[in-house]
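**Q** Just so you know, the protein sequences line up as chains A and B, in that order. Residue numbers for the first sequence follow the numbering used here, so the first one is 1 and each next one is one higher. Residue numbers for the second sequence follow the numbering used here, so the first one is 1 and each next one is one higher.
Source of the hints: derived by calculation from the structure; they are not laboratory data. In this text the structure is predicted, and so the values were computed from the model without any measurement. Ideal Cβ placement from N, Cα and C applies to all residues, glycine included. Take the hints with a grain of salt, since some may be wrong.
With a straight-line Cα cutoff of 25 Å, these simulated DSS-like cross-link-like pairs (lysine-lysine) come out [as the list claims (entries may be wrong)]: (1) A:K13 / B:K42; (2) A:K71 / A:K55; (3) B:K42 / A:K3; (4) A:K70 / A:K3; (5) B:K67 / B:K56; (6) A:K18 / A:K57.
One side of the interface only, derived from the structure: several residues of chain B facing chain A at Cβ under 7 Å [what the hints assert, rightly or not]: (7) F34; (8) S43; (9) P44; (10) L46; (11) F49; (12) Y51; (13) K56; (14) T98; (15) G105.
Away from chain A, derived, C-beta distances all over 12 Å, residues of chain B [to be verified]: (16) I18; (17) Q38; (18) S52; (19) G59; (20) Q64; (21) K67; (22) Y71; (23) Q80.
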Amino acid sequence: DVKVTQSSRYLVKRTGEKVFLECVQDMDHENMFWYRQDPGLGLRLIYFSYDVKMKEKGDIPEGYSVSREKKERFSLILESASTNQTSMYLCASRGDRGLIEAFFGQGTRLTVV
Amino acid sequence: QKEVEQNSGPLSVPEGAIASLNCTYSDRGSQSFFWYRQYSGKSPELIMFIYSNGDKEDGRFTAQLNKASQYVSLLIRDSQPSDSATYLCAVNTNQAGTALIFGKGTTLSVSS
Chain A
1 DVKVTQSSRY
11 LVKRTGEKVF
21 LECVQDMDHE
31 NMFWYRQDPG
41 LGLRLIYFSY
51 DVKMKEKGDI
61 PEGYSVSREK
71 KERFSLILES
81 ASTNQTSMYL
91 CASRGDRGLI
101 EAFFGQGTRL
111 TVV
Chain B
1 QKEVEQNSGP
11 LSVPEGAIAS
21 LNCTYSDRGS
31 QSFFWYRQYS
41 GKSPELIMFI
51 YSNGDKEDGR
61 FTAQLNKASQ
71 YVSLLIRDSQ
81 PSDSATYLCA
91 VNTNQAGTAL
101 IFGKGTTLSV
111 SS
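Work the whole structure out from these sequences, hints included.
**A** Put into structure tokens, the structure is as follows:
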């Protein structure tokens with residue numbers, strides 16, 4: 001079974017804090033993604049990576065950065081958390097061959113107070 | 001432009017009926033199309049994917065693709081209360097590289 005694991009299920013952080021969301025996949029997938037999901041807005045792509053140290057901006061990258069130092073790990077960084085970044089964050093991974101659908105982690109519900 | 005559009009619903013059908021979920025996309029060069037199901041509080045899980053024009057059937061589910069009309073649909077036959085969920089259409093567009101672009105989802109409610 002493909003496993004995409006996010007480091008936390010729930011997080012509460014204060015405004016202005018630097019926040020790290022970690023994601024690990026065990027399928028040797030080339031591609032990894034960070035989405036946020038908000039009611040009425042659906043899943044929106046923040047950043048994605050198609051290889052180690054490579055990254056591409058998605059639709060809403062402002063206020064976020066990412067790091068991919070190893071193939072299996074993709075981190076989302078909120079440089080200075082704000083209340084409008086309160087959301088459900090979903091990590092996904094996807095291979096280039098064989099099973100090409102995206103597999104999701106369990107999600108991290110982040111609340112910024 | 002890489003938009004994926006779905007009716008938000010809710011779509012309500014009685015148990016045993018056919019539920020029809022629709023999705024349109026704007027990038028004509030899109031290659032592959034996915035339907036995900038998401039239960040409340042859970043992550044999306046894949047139901048079906050389709051690449052070629054026409055129909056693809058898997059059990060009670062049928063995905064239909066019409067690239068000329070830029071339209072993909074999901075039919076659920078013999079709908080069950082357990083099918084009540086939000087259904088997300090996702091598209092792999094040329095403009096998005098390897099990423100999947102999602103619609104906002106359609107909420108389906110199946111009443112017993």
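**Q** Against each hint, give a clear statement of whether it holds in the structure.
**A** The hints, checked one at a time:
1. Distance hint between K13 (chain A) and K42 (chain B) is fulfilled; the C-alpha atoms sit about 22 Å from each other, no more than 25 Å.
2. Distance restraint check for K71 (chain A) and K55 (chain A): the Cα-Cα separation of roughly 12 Å lies within the 25 Å cut-off, and the hinted pair is therefore satisfied.
3. For the hint linking K42 (chain B) to K3 (chain A), the alpha-carbon distance of about 15 Å falls within 25 Å, and the restraint holds.
4. Our distance criterion of 25 Å between C-alpha atoms is met by K70 (chain A) and K3 (chain A), whose separation comes to about 16 Å.
5. Distance check on the hinted pair: K67 (chain B) and K56 (chain B) sit about 14 Å apart at the alpha-carbon level, within 25 Å; holds.
6. Distance check on the hinted pair: K18 (chain A) and K57 (chain A) sit about 20 Å apart at the alpha-carbon level, within 25 Å; holds.
7. With its C-beta approaching chain A no nearer than about 6 Å, F34 (chain B) sits inside the 7 Å limit, and its interface hint holds.
8. At about 4 Å, the closest approach between the beta carbon of S43 (chain B) and any beta carbon in chain A falls short of 7 Å, and the interface hint on this residue holds.
9. Evaluation of the P44 (chain B) hint against chain A yields a held restraint, the C-beta minimum of about 5 Å falling below 7 Å.
10. Below 7 Å, beta-carbon pairs count as interface contacts, and L46 (chain B) has one with chain A at about 5 Å; its hint therefore holds.
11. Annotation: interface hint on F49 (chain B) holds; nearest CB of chain A at approximately 6 Å, less than 7 Å.
12. The interface hint given for Y51 (chain B) is violated, since its Cβ lies 9 Å from the closest Cβ of chain A, which is over the 7 Å cut-off.
13. Of the supplied interface hints, the one on K56 (chain B) is violated, with its beta-carbon coming no nearer than about 14 Å to a beta-carbon of chain A, more than 7 Å.
14. The restraint placing T98 (chain B) at the interface with chain A holds, with a minimum CB-CB distance near 4 Å, inside the 7 Å limit.
15. Checking G105 (chain B) against chain A: minimum C-beta separation of about 6 Å stays under 7 Å; hint holds.
16. Even its closest Cβ contact with chain A, about 24 Å, leaves I18 (chain B) beyond 12 Å, as expected for a residue assigned away from the interface.
17. Distance to chain A contradicts Q38 (chain B) as a non-interface residue, since its nearest Cβ pair spans about 9 Å, not more than 12 Å.
18. Taking the minimum C-beta to C-beta distance to chain A, about 14 Å, the non-interface status of S52 (chain B) holds against the 12 Å cut.
19. At roughly 17 Å, the least C-beta separation between G59 (chain B) and chain A is larger than 12 Å, which holds for a residue marked as non-interface.
20. Even its closest Cβ contact with chain A, about 18 Å, leaves Q64 (chain B) beyond 12 Å, as expected for a residue assigned away from the interface.
21. The Cβ of K67 (chain B) lies farther than 12 Å from every Cβ of chain A, with a closest approach of about 18 Å, so its non-interface assignment holds.
22. The beta carbon of Y71 (chain B) sits about 19 Å from the closest Cβ of chain A, which is more than 12 Å, so the claim that it is off the interface holds.
23. Separation of Q80 (chain B) from chain A is adequate, the least Cβ-Cβ distance of about 23 Å exceeding the 12 Å criterion.
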